[in-house]
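*Asks:* Residue strings, one per chain:
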Amino acid sequence: MQNDAVVTVADLRKVYGPVTAVDEISFGVQRGEIFGLIGPNGAGKTTTIECIEGLRRPDGGRVEVLGLDPQREGDSLRPRIGGQLQESALQDRLRVWEALDLFASLYGKSVDWEPLLDHLGLAASRNTAFAKLSGGQKQRLFVALALVHDPEIVLLDELTTGLDPQGRRGVWELIADIRKQGKTIVLTTHFMEEAERLCDRVAVLDRGKIVALGSPEALIRELGEESRIVFSIEAGLDRESVANLPSVTRVEIIGERAIVHGHSERMMVEVVNALSGAGFRFRDFRTEQPSLEDVFLRLTGRSMQEGEEA
Amino acid sequence: MRGLWKLMWVEAKLFSREPMLGFFTLVFPLMMLFCFGGIYGNEPNDYFGGLGMVDVSVAGWTALVIATSAFMSLAVSAAAYREQGILRRLRLTPLSPLAVLAAQVAVLFVMTGLGMLLLIIAAKLVYGLRFDGSALSVAGAFALGALSMFSLGFVVAGLAPTARVAQVVGMVLFFPMIFLSGATIPLQAMQGAIRNYVKILPLTHVVGLLRGAWLGESWGQHLTEVAVLSGLLVVGVLISLKTFRWE
Ligand SMILES: Nc1ncnc2c1ncn2[C@@H]1O[C@H](COP(=O)(O)OP(=O)(O)O)[C@@H](O)[C@H]1O
Ligand SMILES: [Mg+2]
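Residue numbers (our numbering), protein chains in the order written: chain A, 1 to 310; chain B, 1 to 247.
Errors might be hidden in some of the hints.
What the hints assert, rightly or not - List time: in silico PhoX-like cross-link candidates among lysine-lysine, alpha-carbon distance up to 20 Å: (1) A:109 <-> B:6; (2) A:109 <-> A:209; (3) A:132 <-> B:13.
To be verified - A few chain B residues facing chain A, derived, Cβ under 10 Å: (4) 14; (5) 88; (6) 93; (7) 135; (8) 245; (9) 246.
Please keep in mind that the hints were generated in silico from the structure rather than gathered at the bench. The structure presented is a predicted model; accordingly, all values stated were derived computationally and were not measured. Backbone N, C-alpha and C define an ideal beta-carbon position, used for all residues, glycine too.
Just need the whole structure built from these sequences, with the hints factored in.
*Replies:* As structure tokens, then:
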């Protein structure tokens, strides 16, 4: 596997004056996978992805993309990668179709961008000026521009920030589609749910360092995070009858609210059986799966929001 | 190469969508013409060496268009492209930074030339504009004048931290120059001492060279202007390249 790495980052370091934005991080991205750089704002995601794109010059370490050095061999590399930047824009009065036509012409090979318009749901706005597009339309246009020359690696920085939930889901489907075409995707996000849904593997960044690396499932499992069941009870609950269940580790009761912590997938069945067997009435029953948020909390002692640098 | 042509074509279309740019480049010189032509006409006059008001003013109004393009359009748009992140996005493509600059210069150069051409045609049709020089010499003076001022526009964009600052600096350079360089008010109308001071304004030399070429004088009679403008062009290009930033 390791020898099929299309992106290799080794001991990458980047400082801005007194700030060490990226502090000797290392990881590899395999061909065909969706790799996520995740972490709170200020963690160093953008700096890392832009070093891979060749937009920023590392202060230390090594970056290799498709066997090329993005700084010295950018001319050979740029036609083979496509990117969407966290901060960029187009000319206000440039129309959607003109942007695609222009960007397509900047690459040696000619590409038919018309299907891309349809595919990204931009066909109806093909004559709309950039400044008049909604946030979601702009994001989709930038995705289209990142794909217009059929690159091998697609790099997406905070793709869904600023989108409403519906727009976000649309973009998720899009990314799954891109992967189906055999492309490698590197993305950054500070939405953990997004990373769990999309990424094959993630690197969790905090203050410029990688604090965890692996598939979201494996990270959640390895860190031994528990599932939770939350429900409201009408009469007093016999705590022991639930706490003694094999899959349950801990029971909290706060007022008429019960929170049951435990491990296996059997926990829900066991708890429901125990409650109904004892004749307890309960409502608002829901389960909470452990998430990358919990992983981050466990690893850093801070929640994602607390982790944000001003 | 195909990309560069496409980029120029796009820039030209964008120019046509900015009514303000089109107005100041193409329409405003005509307004100057009809305004002054309407008041003074273009009768031969000893004060202008046997020529008319319009004959001696066309060169200055052309310099006015050049200054507008350089200090109002180019300086601001180059800084705005950087500030808004347009250059950042282009940087991910195989396009070189020189191509981005070249496209902007080329389009503005053509538009500015168009402004001059419209002015000349209208002056010819309405006021019987007299012309004793060679078209080639005028075109050369226009090219040297425009490119040297454009390079200064890029210097403003390169040194200004934001588009807003570039706009202010552009105006601070633009307004004194259009009034004191002879572009709008003939230098003859100024007192002797002032006429020497205004030589430090780059645009004064554009006006001088263009007017000389228009009146059929040889470039040899305008070596100072040619030297100053060539020097500005070289220095301007060097500083622009040095201060060029993608973001
Ligand atoms: N161009 C820059 N100049 C100075 N500091 C920067 C610059 N870019 C990023 N930083 C700093 O580096 C750190 C990491 O930023 P960034 O890579 O943008 O993080 P993220 O994308 O995870 O939010 C932050 O503290 C940020 O303030
Ligand atoms: Mg970022």
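*Asks:* Check whether the Cα positions of residue 109 of chain A and residue 209 of chain A lie no farther apart than 20 Å.
*Replies:* Violated. Residue 109 of chain A to residue 209 of chain A sits at ~39 Å, over the 20 Å cutoff.
*Asks:* Does residue 245 of chain B pass the interface hint, meaning its C-beta sits closer than 10 Å to a C-beta of chain A?
*Replies:* 12 Å, violated
*Asks:* When the nearest CB of chain A is found for residue 93 of chain B, is that gap smaller than 10 Å?
*Replies:* 4 Å, holds
*Asks:* Does the CB of residue 135 of chain B sit less than 10 Å away from some CB of chain A?
*Replies:* Residue 135 of chain B check fails; min Cβ-Cβ to chain A is 34 Å, beyond 10 Å.
*Asks:* Are the Cα positions of residue 109 of chain A and residue 6 of chain B separated by 20 Å at most?
*Replies:* 15 Å, holds
*Asks:* Have a go at the residue 88 of chain B hint: is there a Cβ in chain A nearer than 10 Å to its own Cβ?
*Replies:* Since the shortest Cβ distance to chain A is 5 Å, the answer is holds.
*Asks:* Below or equal to 20 Å on CA atoms is what counts here, so check residue 132 of chain A against residue 13 of chain B.
*Replies:* 17 Å, holds
*Asks:* How about residue 14 of chain B: closest beta carbon in chain A under 10 Å, or not?
*Replies:* 5 Å, holds
*Asks:* At a threshold of 10 Å, is the proposed contact between residue 246 of chain B and chain A supported by beta-carbon distances?
*Replies:* It holds, given that the least Cβ distance between residue 246 of chain B and chain A is near 8 Å, below 10 Å.
The structure fails to meet hints 2, 7 and 8 from the earlier list, while all remaining hints are met.
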